[in-house]
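Undergrad: Now for the letters of each chain:
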Amino acid sequence: MSKPRVATVWLAGCSGCHMSFLDLDEWLIDLAQAVDLVYSPIADVKDFPDDVDVTLVEGAVANADNLELLLQLRERSKIVVAFGDCAVHGNVSAMRNPLGDPGELVAEAYRDAVTSLHGHLPDPENGIVPALLPRVMPAHEVVRVDAYLPGCPPSADRIRTAVEALLAGTSPELAPSQRRFG
Amino acid sequence: MAGVNLKIDGVEIEAPVGENLMQAATRAGVRVPGLCQLDGLSVVGACRLCMVEIAGTPRPRPACATPVGESMDVHTDTPRLREHRRVLLEMLFAEGQHICAACVASGACELQNLAAELGVDHVNFTPPPTRLEMDLSHPRFGYDPSRCVLCTRCVRACAEVEGAFTWGVAGRGRETHLVADLGVPWGEAESCTSCGKCVSACPVGALFEKGTSVGERRVTRALVSTLTARRDRESHREVLK
Ligand code: SF4
Ligand code: SF4
Ligand code: SF4
Ligand code: FES
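Chains B and G, in that order, are what the protein sequence lines are.
Numbers 1 to 182, taken from the numbering used here, label the letters of the first sequence in order.
Numbers 183 to 423, taken from the numbering used here, label the letters of the second sequence in order.
One-sided excerpt, in silico: chain G residues whose CB lies under 10 Å from chain B:
#1 PHE275
#2 ALA298
#3 PRO311
Keep in mind the hints are simulated off the structure, nothing from the lab.
For every residue, glycine included, the Cβ atom is placed at its ideal position computed from N, Cα and C.
Construct all of the structure, not just a fragment, from the sequences and the given hints.
TA: So this is what it looks like as structure tokens:
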């Protein structure tokens with residue numbers, strides 16, 4: 001039997017969930033033997049592949065690239081996991097939502113602020129930086145999500161509980177202490 | 183004292199007349215989730231998380247506001263109740279701006295704990311597009327209406343324990359919020375003695391001590407219950423004298 005194909009993606013998050021993933025320490029060695037990691041910020045793969053069994057999604061959907069990748073990975077993955085609070089409910093990444101127009105926010109932070117170095121912004125039209133969406137969304141607002149892994153970040157033991165269950169073909173049963181937001 | 187016999191989740195217990203189902207359940211070792219109820223304060227039955235089913239009654243009833251009755255057969259944890267509580271919790275999250283990872287109460291928050299306990303691992307509703315303004319005018323405390331679940335524990339603690347009657351509730355729908363005195367900033371409310379009882383009673387991170395940061399709120403909710411228990415004991419002693 002071929003190994004399960006696993007992917008992890010990093011949308012609008014701080015990478016803390018991936019850092020927590022790396023906190024799995026020695027178990028990562030077992031995991032590496034049990035699965036094929038076919039796409040991840042820690043692997044040098046350009047395009048999201050086909051036929052992925054389990055995809056962990058860190059981060060909320062904040063810009064056009066996030067949106068495109070999430071739609072694509074949903075098409076190509078059997079199981080999609082909202083990995084961490086930003087993917088689960090927007091969290092810190094969505095704190096900008098009540099502040100209104102993202103264009104104004106970016107101008108305030110990167111152009112008009114006294115600490116701004118360049119005094120101008122990259123033009124989203126030229127494709128160098130992706131355009132921000134008007135509102136940051138959790139993953140399940142955009143695509144179907146099969147399992148939720150809350151936490152900011154989810155601790156290594158939560159990740160292990162969830163991943164072990166998914167690889168065994170069952171849905172993760174997190175204990176109450178393992179599913180607290182924050 | 184006159185008593186009744188009833189069954190809670192199959193456990194047969196005796197309860198004094200006048201006790202409510204929440205208290206009886208607690209004595210029977212059955213936990214009924216709740217948010218607005220706090221020992222020592224009057225009962226308002228506002229949050230509806232403590233709903234229980236009573237055999238022979240068509241609709242669920244709030245345990246904290248329902249007196250015990252002879253031969254009641256109470257169920258606190260049916261699939262229907264679990265679903266009801268989950269939806270209620272999701273609505274509470276979605277009515278405000280709850281970002282636990284950036285909240286003073288994280289780790290000491292009853293809403294956060296209830297979500298974990300009852301299996302709310304995501305929220306199916308979208309929070310409001312705007313944030314209500316914080317009141318940071320008090321020298322020692324702050325109020326963030328976007329984290330307030332409108333349980334009115336603070337209102338009752340201030341009125342019933344401190345006797346200051348500073349807090350009230352104003353506005354409608356998503357704009358509902360607390361007001362100090364007749365709608366002045368908290369720091370200008372002359373009735374406030376700065377005792378902090380409201381802050382202690384708050385189940386979430388809506389009321390907080392200034393100078394505390396993410397996750398630094400301490401759990402001091404028993405303070406109000408302890409004070410009222412001592413007060414009741416003292417007045418009992420007075421009567422005996
Ligand atoms: S009040 Fe409680 S539920 Fe709301 S953000 Fe703070 S810790 Fe989370
Ligand atoms: S600090 Fe004390 S007096 Fe002031 S509002 Fe809170 S409970 Fe009332
Ligand atoms: S401030 Fe806290 S105690 Fe007061 S109503 Fe809001 S949530 Fe309840
Ligand atoms: S605890 Fe009973 S209604 Fe809130």
